[in-house]
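Peer 1: Below, each chain spelled out in residue letters.
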Amino acid sequence: MIAPNHAADSAPAADEGREIRVRILRQDAPGQESYWERHAVPYEPNMNVISVLQRIAAGARSADGRPVAPVTWDCNCLEEVCGSCTMLINGRTRMACSALVDRLLEEQPEEIELRPMSKFPVVRDLVVDRRRLFRGLERVKAWVPVDDSYDHGPGPRISPEEQEDAYPLSTCMSCGCCLEACPQYTKIEPVRREGETGEAFAERRQGAFDRGFVGAHAVSQAMLFNAHPTGKMIADERLEALTSAGGIQMCGNAQNCVAVCPKAIPLTRSIARAGRAATVWAIKRLFDR
Amino acid sequence: MAQPRVVVVGGGLAGLSATMRLAELGVTVDLLSLVPVKRSHSVCAQGGINSVNALTRQQGDSEWKHFDDTVYGGDFLQHQPPVKEMADWGPRIIDLMDRLGVPFNRTPEGFRDQRRFGGTLYKRTAFAGATTGQQLLYALDEQVRRHEVAGRVTKWEFWDFLAPVLDDTGRCRGAICQDLVSMQFRSFPADAVILASGGCGLVYGRSTMSMVCTGSAISRAYQHGAAYGNGEFIQVHPTAIPGADKLRLMSESARGEGGRVWVPRTPQDPRDPRTIPEAERCYFLEERYPKYKNLVPRDIATREIFDICTTEGLSVEKDRPCVYLDLTHLPRQELDRKLHGILEIYEKFQGVDPRDVPMKIFPAVHYSMGGLWVDYQRSATGGMEEGSPRNHQTSIPGLYAVGECDYQYHGANRLGANSLLSCIFSGLFCASGVIAGSQSSKRTAAEESSRLFDAALRREQDRHEALLGRRGSGDNPYQIHQELGALMTRVATVVRRNEQLSAAYDEVCALEDRWRRCAVSDTGNWTNQNVVFTKSLGDMFPLAKIILIGALQRDECRGAHFKPAFAVPGLQATDEAARRREAEEWCDRFASNTARWLKSTVARPGADGHPQIAYEDVDTSLIPPRPRLYGLVGADLIEEVWRERQQASEARVGGTGVGSGRPLAATS
Ligand SMILES: Cc1cc2nc3c(=O)[nH]c(=O)nc-3n(C[C@H](O)[C@H](O)[C@H](O)COP(=O)(O)OP(=O)(O)OC[C@H]3O[C@@H](n4cnc5c(N)ncnc54)[C@H](O)[C@@H]3O)c2cc1C
Ligand code: SF4
Ligand code: SF4
Ligand code: FES
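So the protein sequences, as listed, match chains A and B. Start counting the first sequence at 1075; every next residue gets the next number (the working numbering). Start counting the second sequence at 653; every next residue gets the next number (the working numbering).
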């Protein structure tokens, strides 16, 4: 988050004096104790959680009037397309920018509860370190292996059906909601050891990430690229990744992921496809020996 | 010489395409961004990306016409060779993005589908649902990730570019940046630094832009001496959804797919819009611009919407200006296939389904045509010479700018779906010149004395610590930002008046003074967003001043810059001979205004803290400027008179088009 923003130009008189109460689980830095803090901001119509946080940052006081350091959080697009602002809102993983206060108060009238995602290391307050999520994309080689960026004419012909199949998968904004909800995706938080160099630590951390479950988002991306006419030229490498440690076999098919994906990406379909492809691939490899 | 090391600031479309091409050419790239590059503002782009294509070509379209539409749309305020080069590259860029896996919408036969956008009569715009920017960005992000795994690119995400490092000859030798997590400073020696830091919408408080679009990086480059071009040209998009935290865009593609803009003929008609009969609706864009209809360029649509609400009092609501943008006559399935992403935004944030109910929209600040001044080398064929180190170089040697943060392609008004093209194009195109430029320098950055970097780093550290140590006046940076945004939105958007602009300039200086005295509420040194914001707020003032002074001094109307005091009225007479006379006069005035004002504004930081303004001639050697009327009802005579004059002058010179031998665009 960079710039808090501003009050609506006109707040109707009817809601005058009404306050929204917010309870935030804060943490000053990695490795420190977390603590709850209460805030209150004046109600305005059409608020989302980001605008509530903006008021809190601007005020920098807790509900009992104590000066406190402004709460820290991530956001950018404010229209649910960049994937920055994931947090636990009233206990449910979702995007803060599209979480409308009126709806939240219907869910839970007394107060809104904000917590950082639990599957990623907290950096500060509501900001978490989602490096592992992006590492997942590297593990499954989520790209089209083109020769270069020069002109070689158009890409392959693609039918509308194939496009309509691929497009939803391609809208994955790496928010991590699916990972937060997944029972198989457990937190990995290595701590830098005394005397360990930055590079050595980064390498050790990567190793730890790579033994953990790769995650539904990455499985789905692997299927996206394995269906693309050029992308599939390295389909085997992706299947190799999906069948090694931390691969598709870890998925318990609980389907929590698909229920929370803000983009309604058909993750269970991708997981099923990946499961089948992995089985076929394993058998094929057995025969190829 | 060893391959150079390049720093790229920004991982939107421009920064990623530059990084991809550089890495491919063997350059080691440090890629910095305030947010993970995959979350850059480019993901917000909805509608699509322009280029000539097989279909439009057979309907008479050409690269030349795309070029012509772009300069006509930009009211001729852009140097033509780079624009021509961009239009020429268009088809190749779309093909490339297609190969990278962008899921462009398809025709039944499996070709890329296209839609029509504003300011053209051709269906030139390729699109991937209504999240084209996201899809393009992801494709580039994937390629850069590939290079990262291969060790050619190092990403520095959550890093803030603070300053370029200049040596004693004034050449850029690297950058000083800050880690936004640990708040540590670090110098990045480099043979070239490319800024690809996007727009500066936050100077206006609320806009359609993302929260990191503060313009901090370009402001910092400017404060170190880089010239800034055409700052006063800010695009206000005609159709956005007003919101308390952000003005969310409703893409032009809604109109491209058949959306119609209207207001009830009865002011604030209380009826359900769906029950208002056709005859009682005013489709004002279609009535006034029968040729382009709802797809006139943005500056025109914005002014018409603004006028109908303010001057004519026909706003849909009484307390809040807005007009209807209506899609309800279009088939649901088609809407879902082509516009799902943007309809979902309206539905999610407004709680109303725009497939059933007309949307309520109003203009909002959207794009900066202006930006860092950059150079180019003209090629023999009138385009831009590939591989020249001058291309996209700012006035600081070794410092480059690409994407929305340069001033190059869009003149006084940008056409829809042309920005994604200019971003990818400028990123790809600049790479070979950047390499050539850094190889021409005598020393490599690695050989540069570490004293240079230490001193630059210390300056930034001191500035940071001074900010933390301020014992404030109690003024709050967020409050100051809110006031700045409200002020800029009031005086420097759709309608501009000199009294207001000059008063606003003083107010901005006063706000800057208050900023100098305000304190941060977080003085810690771990993920301190408060101090980062306060710093970038301070960097908004130079940009606000550039915008205001540029607008104040430009006494004319051009593209997005509209001053009623200098508007030339249309033809009033009804008698034919008198009309003809008026049209002749109109053209005389147009010609003299062109001679006086067809110049780019170039701002440099003055010693007294105020921008120093100079004007630069525009290279219009390929397409001569002409009145920009878009077939406005009642203005055909002006266009006719102008055409006759052009033909007469060509007959005198004895050529066809000026210099190019291409057909004269005015007749297209
Ligand atoms: C809502 C919306 C819809 C749009 N739709 C279209 C469309 O349909 N078609 C079209 O052609 N155009 C469209 N545009 C315009 C287009 O999206 C932008 O002009 C374009 O994406 C800008 O890309 P960029 O690469 O220049 O910068 P951005 O994508 O804005 O990226 C800027 C990068 O710079 C980084 N950065 C900024 N400051 C710093 C700093 N101080 N330190 C380090 N890093 C920094 C950021 O982190 C980011 O990575 C739209 C714009 C908006 C707002
Ligand atoms: S289906 Fe698999 S990936 Fe999805 S939540 Fe369950 S275990 Fe996780
Ligand atoms: S699959 Fe859905 S929930 Fe998971 S990261 Fe992508 S968008 Fe987010
Ligand atoms: S801020 Fe981008 S998804 Fe919420």
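Treat each hint with caution, since some may be false.
[As the list claims (entries may be wrong)] List time: in silico BS3-like cross-link candidates among lysine-lysine, alpha-carbon distance up to 30 Å:
hint, chain 1, residue 1, chain 2, residue 2
1, B, K945, B, K1215
2, B, K1094, B, K807
3, B, K807, A, K1306
4, B, K807, B, K970
5, B, K807, B, K1000
6, B, K807, A, K1261
[As the list claims (entries may be wrong)] Pairwise CB distance ranges (calculated):
hint, chain 1, residue 1, chain 2, residue 2, range
7, B, V1004, A, M1307, 24 to 32 Å
8, B, P1216, A, E1093, 38 to 46 Å
9, B, A706, A, I1357, 37 to 45 Å
10, A, R1359, B, S1101, 52 to 60 Å
11, A, R1231, B, K970, 38 to 46 Å
12, A, M1324, B, R1169, 54 to 62 Å
13, A, R1350, B, H992, 52 to 60 Å
Source of the hints: derived by calculation from the structure; they are not laboratory data. In this text the structure is predicted, and so the values were computed from the model without any measurement. Positions of the beta carbon are idealized from the N, C-alpha and C atoms, including for glycine.
Peer 1: Now tell me, hint by hint, if it's right for this structure.
Peer 2: Okay, the hints, checked on the actual structure:
With a C-alpha separation of about 24 Å, the suggested pair K945 (chain B) and K1215 (chain B) falls inside the 30 Å cut-off, and the hint holds. This hinted pair checks out: K1094 (chain B) and K807 (chain B) have alpha carbons roughly 28 Å apart, not beyond 30 Å. Restraint check for K807 (chain B) and K1306 (chain A): satisfied, since their Cα atoms lie roughly 27 Å apart, inside the 30 Å limit. Our distance criterion of 30 Å between C-alpha atoms is broken by K807 (chain B) and K970 (chain B), whose separation comes to about 50 Å.
Of the supplied pair hints, the one linking K807 (chain B) and K1000 (chain B) is violated, its CA atoms being roughly 33 Å apart against a limit of 30 Å. The suggested pairing of K807 (chain B) with K1261 (chain A) holds, with an alpha-carbon distance near 24 Å, which does not exceed 30 Å. Judged by the Cβ atoms, the range 24 to 32 Å given for V1004 (chain B) and M1307 (chain A) is violated: they are separated by roughly 45 Å. Hint check: P1216 (chain B) to E1093 (chain A), Cβ distance near 44 Å, so the stated range 38 to 46 Å holds.
Roughly 44 Å separates the CB atoms of A706 (chain B) and I1357 (chain A), a value that falls within the hinted 37 to 45 Å. R1359 (chain A) and S1101 (chain B) have their C-beta atoms about 57 Å apart, which keeps the hinted 52 to 60 Å range intact. Take R1231 (chain A) and K970 (chain B): their Cβ atoms lie about 53 Å apart, and the range 38 to 46 Å is violated. For M1324 (chain A) and R1169 (chain B), the hinted distance range of 54 to 62 Å is satisfied, since their beta carbons lie about 56 Å from each other.
The supplied range of 52 to 60 Å is broken by R1350 (chain A) and H992 (chain B), whose beta-carbon atoms lie about 28 Å from each other.
Taken one by one, the earlier hints fail for this structure at numbers 4, 5, 7, 11, 13, listed in ascending order.
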